[in-house]
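2 protein chains.
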Amino acid sequence: MRRTRDAERTRGEILAAATGEFAKVGIAGARVDRIAELAGCNKAMIYAYFGNKDGLFDAVFTAYVEAYLAEVGFSADDLPAYAGRVFDYFEASPDHLRLAVWYRLERPGSARLEVVLEVNAARLEELERARAAGTLVSDFSPVELLSLVQAIATSWSSMNPEFESGVPDQPARRRAVVAAVERLVGPATK
Amino acid sequence: MRRTRDAERTRGEILAAATGEFAKVGIAGARVDRIAELAGCNKAMIYAYFGNKDGLFDAVFTAYVEAYLAEVGFSADDLPAYAGRVFDYFEASPDHLRLAVWYRLERPGSARLEVVLEVNAARLEELERARAAGTLVSDFSPVELLSLVQAIATSWSSMNPEFESGVPDQPARRRAVVAAVERLVGPATK
Chain A
1 MRRTRDAERT RGEILAAATG EFAKVGIAGA RVDRIAELAG CNKAMIYAYF
51 GNKDGLFDAV FTAYVEAYLA EVGFSADDLP AYAGRVFDYF EASPDHLRLA
101 VWYRLERPGS ARLEVVLEVN AARLEELERA RAAGTLVSDF SPVELLSLVQ
151 AIATSWSSMN PEFESGVPDQ PARRRAVVAA VERLVGPATK
Chain B
1 MRRTRDAERT RGEILAAATG EFAKVGIAGA RVDRIAELAG CNKAMIYAYF
51 GNKDGLFDAV FTAYVEAYLA EVGFSADDLP AYAGRVFDYF EASPDHLRLA
101 VWYRLERPGS ARLEVVLEVN AARLEELERA RAAGTLVSDF SPVELLSLVQ
151 AIATSWSSMN PEFESGVPDQ PARRRAVVAA VERLVGPATK
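Going down the list, the sequences are from chains A and B. First residue of the first sequence? That's 1 in the numbering used here, and the numbers climb one at a time after it. First residue of the second sequence? That's 1 in the numbering used here, and the numbers climb one at a time after it.
In case anyone wonders, no lab produced these hints; they're calculated from the structure.
Distance condition first, Cα-Cα at most 20 Å in a straight line; then the derived SDA-like pairs of lysine to any residue:
hint, chain 1, residue 1, chain 2, residue 2
1, A, K24, B, R107
2, A, K53, B, A28
3, B, K24, A, A28
4, A, K24, B, R104
5, A, K43, A, D33
6, A, K24, A, A92
7, A, K53, B, G29
8, B, K53, A, G29
9, B, K24, A, V25
10, B, K24, A, R104
11, B, K24, A, R107
12, B, K53, A, A28
Produce the complete structure using the sequences and hints provided.
Encoded structure:
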């Protein structure tokens, strides 16, 4: 019993340390011995739990995706509110946004994550359903809406770093995100 | 004379090889000896021309920014057309988009590039001018427009890689980008 609790705690400490390291320097840049040092354990333990650095990244990434999905949810019939929640999540957890970007950059050809495939499919279905029910009105297709809403919700973080001084405060950034998504839903004005 | 031409050609070959390497694996992951091998020169020559790996990345990144700016330009009074050109540019040069993302991830606290600072400032001014002249009508502020338009123009590339099979063809992706930016300009519908 005690041993199981200790093992769980160690696993959690490794994941926390690895999240910070991967977010900071990516998969190629991450050093397992730095993660071990941060987690206060030895490298052998990390290999025992996660196999190798890629296995450790997969565990970190899956944990982030699950936390993200649980907190943000999805609302096909209120995409502006959904975009606001995506914005809030990544403002609170910038490390997670960096993980997502590293994942795109460093794993372009790798095996696909089951959880992400399922969520993509479920969201497209929900959007179709909302459209059929008339609770979503948009000229954009479901896949276009997913792409645009995601990009808009994270738009501020994709600006070049040279911009930082001219960027408005957090409430203003959030208002811009929600207002931009409001423009995508509802019939065309031209 | 001949020696200058050779030096120019060698420099160009190093930059081309380095662009591919940095785009693929980023700054931390890039190996100067791999770049030397690809460029058909020796490492010492790269250090002589560019100082170190960071200096080489700066040269690569500045060359990309200049090519991008020259080709895409800017149109404060026709942001949908501008977004279409940004889309076209990165569709044709996906390596350059990856460079831009690596730059954001790996250089968060570094010195700012003069050329980017100048372009940011010039664009904000152009947007203000277009607004004053009435050729740009939008509820969004200039900095909000820059952030949203950039994010929308590159939205497809920021989708999770699990999506690839459901993504529409290039003309449809482009139409979605241009139509989304059309929604940002023009008075609010609600």
